[in-house]
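Asks: Going line by line, the protein sequences match chains S and F.
Numbering-wise, the first sequence is residues 36 to 176 according to our numbering.
Numbering-wise, the second sequence is residues 673 to 1226 according to our numbering.
Hints in this document: simulated from the structure, not taken from any laboratory.
Treat the hints with care, as some may be off.
As the list claims (entries may be wrong) - Derived DSS-like pairs: lysine-lysine, alpha-carbon spacing no greater than 30 Å straight-line:
(1) 1045(F) - 137(S)
(2) 937(F) - 1187(F)
(3) 1045(F) - 762(F)
(4) 1129(F) - 159(S)
(5) 117(S) - 1154(F)
(6) 1150(F) - 138(S)
(7) 762(F) - 1169(F)
To be verified - A few chain S residues that face chain F, going by a derived Cβ cut-off under 10 Å, partial list only:
(8) 56
(9) 103
(10) 122
Yeah, the Cβ is synthetic: ideal placement off N, Cα and C, and Gly gets one too.
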Amino acid sequence: MSTRKIRVLIAKPGLDGHDRGAKTVASVLRDHGMEVIYTGLHQTPEMIAETAVQEDVDVVGLSILSGAHMSLFPRVRAELEKRGLTDALLVGGGIIPDEDAKKLESEGYAKLFGPGTHTEEIAKYIETTMNARWAKQGASR
Amino acid sequence: MSASKSVVQSVDARAEWERALAGSKLRESDFTTLSGAKLAPLYGPENSELDYERDLGFPGQFPYTRGVHASMYRGRLWTMRQFAGFGSAKQTNERFKFLLAHGQTGLSTAFDFPTLMGYDSDHERSLGEVGQVGVAISSLEDMQTLFDGIPLGEVSTSMTINGPAPIMLAFYIACGERQGVDPKLLRGTIQNDILKEYQAQHAWLVPVEPALRMITDVMGHCAKHVPQWNTISISGYHIREAGSTAAQELAFTLANGMEYVRRGKAAGLDVDDFGPRLSFFFDSHLDFFEEIAKFRAARRIWARKMKEHFGAKDPRSWMCRFHTQTAGVSLTAQQPENNIVRTAFEALAAVLGGTQSLHTNSMDETLALPTEKAVKIALRTQQIIAEETEVAHVIDPLAGSYFVEAETNRLEADAEKYFAEIERRGGVVAATEAGWIQREIHRSAVLYQRAIEQKTKNIVGVNCYTEGEGGPKIDVLKIDPKVEADQHARLAALRKKRDAKKAKKTLDDVRDAAKGSDNLLERFVAAAHADCTLGEIASVLREVYGEYKEPKIL
Chain S
36 MSTRKIRVLI AKPGLDGHDR GAKTVASVLR DHGMEVIYTG LHQTPEMIAE TAVQEDVDVV
96 GLSILSGAHM SLFPRVRAEL EKRGLTDALL VGGGIIPDED AKKLESEGYA KLFGPGTHTE
156 EIAKYIETTM NARWAKQGAS R
Chain F
673 MSASKSVVQS VDARAEWERA LAGSKLRESD FTTLSGAKLA PLYGPENSEL DYERDLGFPG
733 QFPYTRGVHA SMYRGRLWTM RQFAGFGSAK QTNERFKFLL AHGQTGLSTA FDFPTLMGYD
793 SDHERSLGEV GQVGVAISSL EDMQTLFDGI PLGEVSTSMT INGPAPIMLA FYIACGERQG
853 VDPKLLRGTI QNDILKEYQA QHAWLVPVEP ALRMITDVMG HCAKHVPQWN TISISGYHIR
913 EAGSTAAQEL AFTLANGMEY VRRGKAAGLD VDDFGPRLSF FFDSHLDFFE EIAKFRAARR
973 IWARKMKEHF GAKDPRSWMC RFHTQTAGVS LTAQQPENNI VRTAFEALAA VLGGTQSLHT
1033 NSMDETLALP TEKAVKIALR TQQIIAEETE VAHVIDPLAG SYFVEAETNR LEADAEKYFA
1093 EIERRGGVVA ATEAGWIQRE IHRSAVLYQR AIEQKTKNIV GVNCYTEGEG GPKIDVLKID
1153 PKVEADQHAR LAALRKKRDA KKAKKTLDDV RDAAKGSDNL LERFVAAAHA DCTLGEIASV
1213 LREVYGEYKE PKIL
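The following block holds chain F by itself, in its conformation from the complex (with noise of 0.2 Å):
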């Protein structure tokens, strides 16, 4: 307390200060962070006003700012997990074990786009992306392929789909039931989270009423069955790599938290059965304190919400629980080995603001899928933070900092001010639809490549300190065509063999789920078993809801 007593009431040296400061020559004439809010030179107590119970608390505590476990990294370190899926499911369940043998501690898998998009390998549509940018997975068969070899009661998945998410759920069921675990026992994530698709990464099955209507099944299934199953990933990650703001991530994505919420109340489920299984995503890029002030306001502003404005009670349902991964757009094509340090810089932000795992990209994305030695190097930066700098034994660390606190004051109202912005606009569904979240993002893209263009912004290797052509090269992963043609083989094979009445039973059960009210997660775990492929689940969810139209927004 006198420490800041002394500061305070130091008028004098503070008026030494900001004459010495005003006399100075500057850098530059206005310094901003990444997002562009503004910075002042000093913080001091004047700017970062605090309540310690009302606004941090302790770990473990409401309202979590500190982190939502009482022991943090002391306990037990941050889940590493990395992203990982190309080619086919054979390939990827390779990389899987490769990873898992190098001390990965969780599984995470990329789909290809057909995949995303709710196609099957042979679908037209697909002609071209099969296996490309993550892997093919149109069936059980290929679900049980993926994870041969690694026993689903005992691995964390985190499934990154969101469109098809409650059938790619149901081949996961399936697949464990084919291995003997009882779906009480699995463990892991979907991403699901669809709201964020229509805004920032864009792919959807079908129109946002009944993609909405699916999560509420998944929630309420799972809420009986798979207990452990995190529901919703919520994400801030593809709304951030679209191009928002720090802010904006923060505040579309709890936006979208809160829908969920609202949607699962309305479908009559009380929100503390199905509170604590949602999760959140979040980028980590290279505005190291921005960044780590993000990560406490999250767990702030969600705390609050779930327990003063959806009344909440259950302590696990207060709680914001995030993956993040490092900034894909941070990344550069120029001199790439530069990106594991800007790579490692993001993560060690994700470690101070108390992730609960964390995906490190690898140099090479901005060029192809990464190579095993550009993702055993991603992985190795986390151990190195993990094992080598010591950072893990303090928790929140930075609380108390007067600029990381008054930056995590400022993030939550600039969140504020865009949940009003958002009821104005009649919610999330309503401003989704009008485009008006997309072009928020937008602006904010155009404005952060102008600030690069006109060096207000500085990226090393891209608007200074560049090589020209002919800079380092570095060797990619490429994707076998062979890939697609051995899809279609397995796929028309699987449709030869599978008891085709049977296939067509439970597609129509699913018909009928869509049109009533039954709960489809649990028609989809009967379809899967029947060999019903991905693109044929799907096509009965776009024959009766209809596809989605993206609003024009440019």
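The shape of chain S in the complex, shown without the other chains (with noise of 0.2 Å):
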């Protein structure tokens, strides 16, 4: 088991000011002894990403409840990659029908988790995706 924390940054992309999913799981993610950096609100795509790079993360975890998710989800994917950000295990949730959900996990998006979710699975698929990553890589700094 790596000893290596986990560093997830918590983002609120766009004008939703909808943040109690996002700062619950913040909150539940931490309790799990990772390193969460909350954005806070109102992000564009570029703040994220700058934020991203900078705290070097080795999570990106959007939430969204505005119905703009197909527009700013990709913009925020661009972004990283455009900062070379592109091995950031990337994940999502809020308001989002199945179908854009399939959509986004198609581009790049490891998984989105709807409403009700519980936020023990968040937690668990982060820490299991992410060792599992590690190990592959052999990456136990």
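Once you've looked at the hints, go ahead and assemble the two chains, each given alone in its own frame, into the complex.
Replies: Right, dumping it as structure tokens:
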């Protein structure tokens, strides 16, 4: 088991002010021993990507309840790639209809969590995925 | 009297009951309200100390615990007001007409995020968000389209907007004027409750102090020129939806209300000039009795504060009139048809709690904005309560219930504790700027989430009676991306055809008033008539006042 702590950026893209879910998830991930940076509200894709690079995060989690996910999620991914952050685990949650979730999951988002998701499920998913990745890379720094 | 006497005096019977209860196997070790407040197994006179005159009074009389009107729903049913707005002004206009045609009695406008944040539809930050969660309104022209064929002198309209609320109200006043309606005849409500934006809902425009100054400008202007308009809808809804308990919702909302009263008075207004135009907006969640008690406590606390603390003399200033919306957070994406049932219980609580108007959520709102079918069922739910259950025939029917009165007292006491704590922290503005209120709400949200995950609180379809993936699917409403492109084109055309000189002049006047002390609302109305856009007016305010920076709470 790696001793490296998973670094997570929880971000709120767009103008949507609903941060209950984002903050709850951030708190739970912290309780799981992850290092969590929360961006605060009203972030542009550029701001999120900039923070992700500066904080050198392993995971970027986006929360959006405004219906603008099909515009904002791909733009965040593009900005991350522009800055060379191509290997971050991308996850998201919010009010996202199934078919949109499937589309985003086919375009580089590892997993999208819908309303009613158990927060433990999110934490476990991130832990399992990152640990598997690191084990594969032999990167127990 | 004799009944309660016999309850109190039958000590033996009580001891016997207590023994029997102690010997019973119980479902849980602890029984609490949805908000986590401890519940006794049984309530009696010993739990609900009450002085009828002092604590309840008669309907339409101080302290209004039993309702703000003497006749309540015997006189007039509550206003059935479904919150609606999506896509373009034209689409929302059609939805409004659909709702009016199905018996809705008031209009309620939901705006999209760019509008709520004071950005025009063609601002770069609006990309992808135009028309998504509400209607896009960037100009007087959009407002005129929104109310096309709806005479503003005859309907009552609610507009849920806060940061740029004074600008949107100016568009509405100007729209009325274009229809030939005297502002004196306009009836409705603008939410205009900026404090809870910083605390919970997070759609702001400028920092706290200038935002509060604009609110007193609205109160001052409307007292003179738009006298039937509710100038602030002091809202607990978003505080609750952000995760607060019932007691926090009650306390923070009323604390915000008291701050607006202080500000109005400090600006030189008479409390009775603006007090009667303050209204409230609460959530109705699933804990039936706790919610009913909350509504009753709200009326009693507000009446006491306004009369005894702020010295209001006009009884209308004492009345806590409120709108209620059923709890969006109680809806589940799993087995969504069950949401119809949840909403019905919540709506019934609001009615038994004496609400003045009501929005019932649609079953599909955890997935998207509601379809026409879903919104019709939600409206019909209210109509069934009104027409079929006969609950509206008796005023405040739960008064005198030991439990309901005990809960009403408990919520009032909890609220008072919060008022004292807020006072210790320097008032709501200081407590908000320091992030204390936000942290309190967040803490409750996390506790609630934990309770669900540990199954001390259950949600059907989520943590019990689950059906796994592939449960029933329902149709959801999709916003056409064309809405955004069309808005861009309309705005470009508007900027081209308007009198540029006049537009600039009115914006300069806004700037001067923002820097000085002239009433801003009057200047906004002039700018609206000159076809200045929401974003243009808002940027003048941002330029003069700067932007709000949220405190770090996590």
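Asks: Each hint needs a verdict: does it hold in this structure or not?
Replies: Structure-based check of all given hints:
1. Of the pairs offered as hints, the one joining residue 1045(F) and residue 137(S) holds, with about 26 Å between alpha carbons and a cut-off of 30 Å not exceeded.
2. With a C-alpha separation of about 21 Å, the suggested pairing of residue 937(F) with residue 1187(F) holds against the 30 Å cut-off.
3. Proposed proximity of residue 1045(F) and residue 762(F) is supported: the alpha carbons are some 19 Å apart, at most 30 Å.
4. Our distance criterion of 30 Å between C-alpha atoms is met by residue 1129(F) and residue 159(S), whose separation comes to about 22 Å.
5. Pair hint residue 117(S) plus residue 1154(F) holds up; C-alpha atoms about 28 Å apart against a cutoff of 30 Å.
6. Among the hinted pairs, residue 1150(F) with residue 138(S) is consistent with the structure: their alpha-carbon atoms are about 16 Å apart, no more than 30 Å.
7. Distance hint between residue 762(F) and residue 1169(F) is fulfilled; the C-alpha atoms sit about 21 Å from each other, no more than 30 Å.
8. Because the beta carbon of residue 56(S) sits about 9 Å from the nearest beta carbon in chain F, less than 10 Å, this interface hint is met.
9. At a threshold of 10 Å, the smallest CB-CB gap from residue 103(S) to chain F is about 4 Å, leaving the interface hint in force.
10. The interface hint given for residue 122(S) is broken, as the beta carbon of that residue sits about 26 Å from the closest beta carbon of chain F, more than 10 Å.
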